[in-house]
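Chains as they are written, first to last, in our numbering: chain A, 193 to 444; chain B, 33 to 184.
One should not assume that every hint holds.
On the chain A side, residues computed to face chain B include the following (Cβ under 7 Å) [as the list claims (entries may be wrong)]:
1) Asp-194
2) Phe-195
3) Val-197
4) Thr-200
5) Val-201
6) Ser-208
7) Glu-213
8) Val-214
9) Asn-228
10) Ser-232
11) Thr-235
12) Asn-284
13) Thr-289
14) Glu-305
15) Arg-359
It should be emphasised that the hints constitute simulated quantities derived from the structure, not laboratory data. Glycine residues also receive a C-beta, built at the ideal position from the N, C-alpha and C atoms.
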Amino acid sequence: MDFNVKGTVLPVLEVSLQTNEVVVSTHGDLGWMTPNVQLSQTTAMGKSGGRGIMKAAKRVVGGGGLFITRYQAQSDQGSVVFACKLPGNIINVEVGTDTPYYVHRSGFLCGTEGIEASVAMQQKKLTSGVFGGMGFFLQHLQGEGVAWLELSGEIFTYDLQAGETIRVHPGHVGAFEGSVQFNVGTIPGLANKFFGGNGFFLADLTGPGKVWLQSMSIATLAAEIADYMPQQNGSSSNSSSLGGAIGGLLGN
Amino acid sequence: MAEFAMACPTCGRSLDDHGVCATCGATRDRARLDGVTTSRTSAHIETPEGGALLKGSPDSLGVFQADDQPANHFLRITTIGFTAVTIIVVGILFVVALGGIVAGLALLGTGPIGAAVGLLVAGGAGLFVVIVLVGVSILANEKKKTESQPSQ
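Chain A extracted, bound-state conformation:
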């Protein structure tokens, strides 16, 4: 089984499969494929093929689908291509039994059969999790295999030493190793919160371990585009309205 990332700004991941080889995906990122690749749905994921309604529910909460799509080659030289939803990069991580990964909710593109996608709650405080901008839930990748992740914009990776912390706007957190501690805290100082334009929250990532940061925050992109989207009355909403002012004050 071979994986190749192709393209530049909106890359795709091409997976070449030999007979009976399988690649799995949790939601619809399929671009195109050869006719000898057979699709099927399952709730089983991971090396053991463990399944269950609770596991499926956890996967949905984590950002994946209720069911897993299996792409299995019926003969040699099957090919499946998965496409990025946003301009960005596709990277791979080797998930082992002792090296799980945490990814933002829509970050898991596809993986080998042994990967198990679930949900994780890293935040200690409920409020910071809910209002942290990254959502309360992360996708938890465990099991054994290679997972491909989709991160928005450019990727910047840091190797944090034990106890070393980097503070990140929650929308820019792409993925991190299971050994990294993730907590969402507030920006200190009321003036900074209200007039800084950076929102209320920052994610504290503490080593040891690697973190992948994405230069494009999906929430920020959506907010920027929303300003230029046509409204029902035909005009765009790019104006200094009260809502825009309040939004600007609160940030993302």
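Since the structure of chain A is provided, determine the placement of chain B on it from the hints.
Frame of chain A; chain B shown alone:
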């Protein structure tokens, strides 16, 4: 804090775009899994004998059934449930469309406004019938393809 993408984990020199050190040849990541070779943009994975970890095959609904596990009734019931709801909704809309056509044709003879409204209603309903027929033909084609697909 070391910027991971820049430095070789072995000698500390710069890595190229593929995450390989030009000086000592070390790669960005240490390999953790047997049979797996990865670089920044590619990966080669040796799969187990037979290709798949879970042996099995999909049924006519497209539900994967592993050989050594009990039938996945949850997924089957969900699939059948969704299909049933879709068929019921389409059936109701079909009946409504037929009623629309009849009502529209009845309105055609009631004067200029009646004719315009009647044409609109009948035209819209007719278009819907065409869409339904296309949907039915797609479903029939899908069934034909599923039956002709070789099983594993």
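Item checked: Hints the structure fails to honour -> Hints 4, 5, 6, 9, 13 and 15 are the ones this structure does not satisfy, whereas the remaining hints hold.
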